[in-house]
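*Asks:* Sequence:
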Amino acid sequence: MKPSCRIVYSCRSLSFFCFSPAKCHHTLANTSSSFRLNSDQSSLYPFRILGFRRLIDHTQKACGVPSSCFGQSGVISRSFRLETTNRGVSVIANVSSRVRDFSTSIETRVNENNFERIYVQGGIDVKPLVVERIDRDENIVGDEKSRLEVGVEDVFVENLEKLNLAEVVSPRREGSDIEKEGWRLLQDAVVTYCGNPVGTMAANDPGDKQPLNYDQVFLRDFVPSALAFLLKGEGEIVKNFLLHTLQLQSWEKTVDCYSPGQGLMPASFKVRTVPLDGNKYEEVLDPDFGESAIGRVAPVDSGLWWIILLRAYGKIMGDYSLQERVDVQTGLKMILNLCLSDGFDMFPSLLVTDGSCMIDRRMGIHGHPLEIQALFYSALRCSREMLSSNDGSNNLVRAINNRLSALSFHIREYYWVDMKKINEIYRYKTEEYSTDATNKFNIYPEQIPLWLMDWVPEEGGYLIGNLQPAHMDFSDPKNTPWSYHNGGSWPTLLWQFTLACIKMGRIELAQKAVAVAEKRLQADHWPEYYDTRTGKFIGKQARLFQTWTIAGFLASKMLVENPEMASLLFWEEDYELLEICVCALNKTGRKKCSRGAAKSQILV
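For the sequence shown, counting from 1, position 510 maps to 510 in the working numbering; every step adds exactly one.
Hints may be right or wrong, so weigh each one.
Claimed, not checked - In silico BS3-like links for lysine-lysine, alpha-carbon gap of 27 Å or less:
| id | residue 1 | residue 2 |
| --- | --- | --- |
| 1 | 232 | 270 |
| 2 | 180 | 440 |
| 3 | 503 | 519 |
| 4 | 540 | 512 |
| 5 | 421 | 440 |
| 6 | 519 | 536 |
| 7 | 503 | 421 |
| 8 | 429 | 440 |
| 9 | 440 | 420 |
| 10 | 315 | 503 |
| 11 | 519 | 180 |
| 12 | 232 | 503 |
| 13 | 536 | 512 |
These aren't lab readings, by the way, just hints derived from the structure by calculation.
Given only the sequences and the hints, what does the whole structure look like? Please build it.
*Replies:* If you want it as structure tokens, here you go:
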């Protein structure tokens, strides 16, 4: 007997054709940035897609969708081509900007003279298609008009059949053995809820008798899996993941009768089966907000990763209706309000407790770890791009811009370490008291280890900061050197390294790293991490068949082969942020800007 669901999103999104999307797996909206429809099929029915425009009027009535939602101007940036003999047909997916019409909440709307209460569970998945004809022959105008007179009913039926059969042809090569194994393992790690995929478990080692919490879906761990699925054109699992974790956001979990701030995303969740009366049972989602974690640490990075993944879904799949939904906008604002709330901190960086990021154990990284600051910066830029423009969000957008400006300067000034900065710190005076102090964080030069002199290159430098600028501690007593979180090698970071290489025009470095991983990962059974300075040994306590190791490799492989896709996942630097100073906007005189004295050097 099939289980019932306590949290239901099982209904797939409505399409503008009013047929089940499950029957049409290869939709035009879910493909890569450039593709060609099968030439044999398109030559048989070269102009039938032109009938879609006439179908819209009929379809909107059957679906009960207001006519004003069709033909609006939210055009995505991809172009689709149909190869024909004499002309090209450009199909542009329209995005409706009327979010309220497709809200996930129950809304009261006016339809002519009647009031209706409607509930759309998944928004609109397949956007209306508008056909834009590009004529390349002066003598085809008359022929085109006659071809458009095809009966609507015939076009509707035949195009649906053809759309179901159409195969998106990609020039991708045949995958290697390691890629095939990786995709098989990734599919085996998929977790379903009420029959729908909602994520991937952290590790799926068949020989592991005590999985602990590695059989759960972690938000941070799912990100590389999500990117691999998106780059392959499979967006359903990512959309389900985003919506289900959004619903878990409002759950209250307590430790010693105390609940964390509203808007916190869980670290992970598990699908559990709960028995009911008789032979019935139901599936429920059980989130972990840190109340079960080692050290009872709330996950700060989960909400930041959720925002970043939400933008990536829209950019890669071209489906911006998800981020425009009312419930998604509300969840986004809740995360931002939690991160931007005033506290006792003096810095624009995000103050977090120990173990609240990828280094999820209490290891002395309390304060302002660099990982959180990088995620915070990315999440703020993503949010600024996705927030709906209305009077209610203007103050939030202003707060985001101000925080981005201060954070950009702070990270570049105080987290950048090169030989010049080390030499400056080496000559620091301590116990300085003034607003013009050079050693603002009272760093003791004796903290600088001897090995750092050889490690920092003569040219260039590093953004470092396991703790914060005030605590330049280069040792970690809870990890042996070059192991686990103290210098261990994590294969999952390969996809982030690949993105950085492509952005900086050094794709050959990414290709070299992917080649090294290709030789090791399959033979070593996809370990969680490696030990030693050069990563020679599999980690002493590393889990095998680690999902984000598999997904990180697959995503990197696809990015290297299609580097143009990487531009959808990062931005160019916004140097105007460094020029904006909030202090100059303050007319009370109570704020004193310290940027002038701080600019010893800025990375540009």
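*Asks:* Output the indices of the hints that this structure fails to meet, ascending.
*Replies:* 2
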